[in-house]
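Q: Keeping the supplied structure of chain L fixed, place chain F upon it in accordance with the hints.
Same order as they appear, the protein sequences are chains L and F. The opening residue of the first sequence carries number 20 in my numbering; numbering runs sequentially from there. The opening residue of the second sequence carries number 4 in my numbering; numbering runs sequentially from there.
Read the hints as simulated data drawn from the structure, not as lab findings.
Only pairs whose alpha carbons sit at most 35 Å apart, straight line, appear in this in silico DSBU-like list of lysine-lysine:
1. Lys23(F) - Lys66(L)
2. Lys55(F) - Lys178(L)
3. Lys87(L) - Lys125(F)
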Amino acid sequence: MPSLKDLKNRIQSVKNTRKITKAMQMVAAAKLRRAQEAAEDARPYAKRFNAVMAGLAASVGGSDTAPKLISGTGSDQVHLLVVLTAERGLCGGFNSNISKLARQKANALKAEGKTVKMLTVGKKGRDALKRDFGDLFVGHVDLTGLKAVGYANAQDIAKDVLTRFDAGEFDVATLFYSGFVNVVTQVPTAQQIIPASYEAGDDADGLAAEYDYEPSEEAILADLLPRGVATQIFSALLENGASEQGARMSAMDNATRNAGEMIDKLTIEYNRSRQAVITSELIEIISGAEAL
Amino acid sequence: MADTMQFDLVSPERSLASLKATAVLIPGAEGDMTAMPMHAPTITTLRPGLLKVESPEGNSEYVVTGGFAEIGVEGLSVLAEKAIPTGELTREQLDVLIEEARSAHKDAVDNEQHDLVSDAAKLLADMEALGTHIGL
Chain L
20 MPSLKDLKNR IQSVKNTRKI TKAMQMVAAA KLRRAQEAAE DARPYAKRFN
70 AVMAGLAASV GGSDTAPKLI SGTGSDQVHL LVVLTAERGL CGGFNSNISK
120 LARQKANALK AEGKTVKMLT VGKKGRDALK RDFGDLFVGH VDLTGLKAVG
170 YANAQDIAKD VLTRFDAGEF DVATLFYSGF VNVVTQVPTA QQIIPASYEA
220 GDDADGLAAE YDYEPSEEAI LADLLPRGVA TQIFSALLEN GASEQGARMS
270 AMDNATRNAG EMIDKLTIEY NRSRQAVITS ELIEIISGAE AL
Chain F
4 MADTMQFDLV SPERSLASLK ATAVLIPGAE GDMTAMPMHA PTITTLRPGL
54 LKVESPEGNS EYVVTGGFAE IGVEGLSVLA EKAIPTGELT REQLDVLIEE
104 ARSAHKDAVD NEQHDLVSDA AKLLADMEAL GTHIGL
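Isolated chain F, as found in the complex:
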């Protein structure tokens, strides 16, 4: 059994990581999941959260928002709308993200788009949880 798989993390603007990983924790829309080699092919959308990569060379963490992950036969690709290595994320950047989520939530409430309100509220909660998670 293969003990590593190809892992790619790409955002629209650049490719952030491409390496051999042993396990990747993905913040899936319906709950976290850990993808390991030989995982069943799966496509899931992402919620804002932490992406943890374990590889023989060491572990790394990224903050990702939006997008999806594709677990295929040959490896895992994560296509995130925004992806920032945890070390590089500052409180200010996170505040901007939280502010965006907050205004989206407000928009949804103001315009009485009820189907969007819960989504936006979830997004906002995810964002705030993220901040405490990485200790900012």
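Just chain L, same shape as in the assembly:
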């Protein structure tokens, strides 16, 4: 049975924890709004880009001279998994869900006898996957200390990936990130970026007209494909950012509520034992007086 003082300290410490989780929740809510806006702002670009690429890919993709980024290297022996996670923890299952998906995929590929390589973006993903797949890591991109991801960051990652691709280090690249559905729902997603698969969206307004191309279709495609990789990574980073804040917000909301419940429980226990102390003191006094 903990003493009264212990209980009092315990209650105070839980109260402090609740203050922290509450503050974190509020910060996450503010950041979430900003992250969502950023993701929203980036959508028109990605949408138009994909529409144009879908048209181009459809007309050029089938030919023998199609760039490798779209037709692939002709083999799928070596896979590169690009795992995007957060730099910080305390965001519920966010990081572990992404890592779990990546781990499943890696194990499945290994079972098929493929070679797996990993590129991690974000400290948490690296930490989670290091134990099982540490020997497969080919690189890590650190985004710590960055206030908001910019397109330049995505370009750097894309450049890294493309250099490896050109050097023939892998055949297929898959991006792992968390898709943002809403504040309480984030779906870990795997998306193949190389060879790229551009599909015309649901809205068929994509490329209805016949276009003139300047320079040639092939040249435009060759110019745009590397940008396409950067664009996809950028949207994934933004989705990830929004998901992270959403996950943190709901995790911290839960934590705050649990702390509240715990405080209530501890307070009852505290009052009970205080009452017990008073009662036993009274009994002692009364029985002492009677003995006289």
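A: Only chain F this time, still in chain L's reference frame:
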């Protein structure tokens, strides 16, 4: 004949302009072109340069680098990797861009990627011309 068309300028990070324009001068990879309403559908890549927009509400100018323009039936969308309104571009920013172009050029020369050297040289020249163009 329609005398205006929908013009959209978007960069990966945000949408910069969405308005009705009468004519837009695009710095295309193979030369400048002016898109007016009812222009034939065209897709062109961009070189770094000035994008001039004429609209009933007034004219505006943007510095764009990289990306492409899509002239469609219903209007024109420019998807630029970087797009900055001319008024907001400072000498420092331009210097950074020029420096990037210069190091890309140097990389290409050092690594003897001959196919890239001329591209990088062109990019560098475009960047420097841009500076004199807008009087910085």
